[in-house]
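Based on these hints, arrange chain C on the given structure of chain Y.
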Amino acid sequence: MRILIIEDEKSLREDVVDYLSENGYKCDFATTIKSAIQKLNDVVYSCALVDVGLPDGSGIEIVEHIKKNNPEMGVIIVTAKNSLEDKLQGLKIGADDYLTKPFHLSELSARVYSVLRRRNFGGKNKLVFEGIEIDTTEKKVIANNIQLQLTKKEYEILVYLASNPTHLITKEALAEAIWGDKAEMATSFDFVYSQIKNLKKKLNEVDVKNYIKVVYGMGYKFKE
Amino acid sequence: MKLLTKTNIYTTITTVLLFAMGIFVVYQVILQKLDKEVDKQLLSAKTKIVKGLNSGILPNEFLSNLGQKVYIKKIDKQTIFDNKFIEYIEHQTSASKSDEDILQRELLFQTVVDGKTYEITVCSSLTEGKKTGEYIIVVVLVFLLVSVIILFLLNRLISAFIWSPFYDTLSKIKTWNIKKNEILDFKTTDIDEFHLLNDTVKDLTRQIQADYHNLKEFTENVSHEAQTPLSIISTKIELLMQESNYSEKQHKLLVQTYNATQRLYKLNEGLILLTRIENKQFVETSSIDLVQAIEEKIEVLEDFIEAKQIIVEKTFNTQVTKDINPVLLTILLNNLFINAIKYNLEKNGTIKITLNEDSISVENTSISDKIDKQFLFDRFNKNSISGSLGLGLSLIKKIVDFYNWHVTYSHKDGTHKFKIYM
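Chains Y and C, in that order, give the protein sequences.
Sequential numbering from 6 applies to the first sequence in this note's numbering.
Sequential numbering from 115 applies to the second sequence in this note's numbering.
Simulated from the structure, these hints should not be mistaken for lab results.
Every clue listed holds true.
When the alpha-carbon atoms are kept at most 20 Å apart in a straight line, the in silico EDC-like pairs for lysine to aspartate or glutamate are as follows:
no.: 1; chain 1: Y; residue 1: 158; chain 2: C; residue 2: 417
no.: 2; chain 1: Y; residue 1: 157; chain 2: C; residue 2: 417
no.: 3; chain 1: Y; residue 1: 202; chain 2: C; residue 2: 420
no.: 4; chain 1: Y; residue 1: 228; chain 2: C; residue 2: 357
no.: 5; chain 1: Y; residue 1: 97; chain 2: C; residue 2: 398
no.: 6; chain 1: Y; residue 1: 157; chain 2: C; residue 2: 416
no.: 7; chain 1: C; residue 1: 380; chain 2: Y; residue 2: 112
no.: 8; chain 1: C; residue 1: 350; chain 2: Y; residue 2: 23
no.: 9; chain 1: Y; residue 1: 106; chain 2: C; residue 2: 339
no.: 10; chain 1: Y; residue 1: 158; chain 2: C; residue 2: 413
no.: 11; chain 1: C; residue 1: 422; chain 2: Y; residue 2: 195
no.: 12; chain 1: Y; residue 1: 106; chain 2: C; residue 2: 334
no.: 13; chain 1: C; residue 1: 411; chain 2: C; residue 2: 427
no.: 14; chain 1: Y; residue 1: 157; chain 2: C; residue 2: 410
no.: 15; chain 1: Y; residue 1: 158; chain 2: C; residue 2: 410
Next comes chain Y alone, as it looks inside the complex:
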């Protein structure tokens, strides 16, 4: 699974490359439209992460290029501006998803996973770990050969955690992913914690105990 990251800001680019690499993706990067198109012509990527504001123009150009030459490829656009026009334009010309800067790296990873799954790359619509299997097409979770009865929120949390399997996910990032603009309220209600508690209880009931670790004060980890 090869991903091209087109981002001119060094610090952010490095973080993204490191984080996604740790999640098992092969990452290349480009800092300008020109070098990005060069790379796109040379290598076949599964997904591209495109920053809209680049030094030599708008990232929208790259999206157009990809959609013309390699429509199979997943595209996620990233912009610093929280503007509706950019979002609409990006989605209209065929971007799969849209992220606003700043974003949690875990959110990016989850979005990348979701885009790849939708684009059906390598038939990867199942997250499989020891003793637990998440079918993201059917939205089913099978643990120890037993199908779990999860609520929508529990399922979403599990998928989010599982798409960042080795990383610590802060409760803020998790709240934002599940509750969106109500995240602040969800954290103040300790909703994340209670959902996690229920989820762990359901996993325990079927004797799956190695997953979802609570890191005190920080957040959660899917596995060690």
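Frame of chain Y, contents of chain C only:
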């Protein structure tokens, strides 16, 4: 009180007082003059009587020519006294006319003619003269009254004319809005003071406007420029958190730093949002069914409503469709509902949502007391029980202002009520 009314009152009071004093003085002078005139007549009558007595003419014969009453009495005294003036009121009864009090002035004197002593009284009525005096006073009074009224009206007219540039300036300052980039333009005036006032106000407003724009720009820049470093800090901390093997102290420091950064980040986001609304970046509108919008927002908040076991009562009196920016409507409704949930009772509270043709109101039971209205919609005026950023109400106000709507707050029996008139 208006300036013109005040000056008018003062000038009128002074004029009336001055005139009253003048009339009093004139009246006194007239009375004195009258007395002197009558005394002169009485004395000339005395001369005539004495002359008549000396020449042997019977007093009664010339009495009719004199127009004054004369009483002559022979007395036996040798010593005589000189002129005595006496004033008295005589009550006169007559069959034809009503009773009358007549003011009389008389001259009493004694004289010796041919060795005989006479006591003579000459009597003259003052009433006629006094009446004339009163007529004069009345005429003067009427004249003065008319002149006071004319003066009053004239004064008003002239003042209104003279002060008109001032009132023009005043009304223009009153409607001046710092947010609209308008330059004040005043009526030209040839009065130096007003000219100076206008120039000063112009300079001041220009200065204030410049300062306001600088400040606004500065705040916007700070918020925008802070966004990138903030997100870098936030991401780096998240990456730091990925590492394990922290000591307890390091772990604690990391968590605290992360929480503070998240808070700062949220705050900045809120401020940017406020600025964007202020800068009219949410102008595009679409026609939105408010009933549907409210239902949707409440549904999204279902988790939180359930967690507190809040009973939501929705009353839609009519179907309302508004042309509004969807983002702004979402922010508005979210903030209204989130506040109503957040500050509600821990258990079994209620939220009443009422939608009318021109208003929407949200009522909720609450643990908190009445909020001080004065600072209600100010930024960062947060309720002590909340851990929130204190921007929610300020956002509501900003959106309401943006659409020229109107929001009211009331508190009754532990229930907070926000009502928006659209």
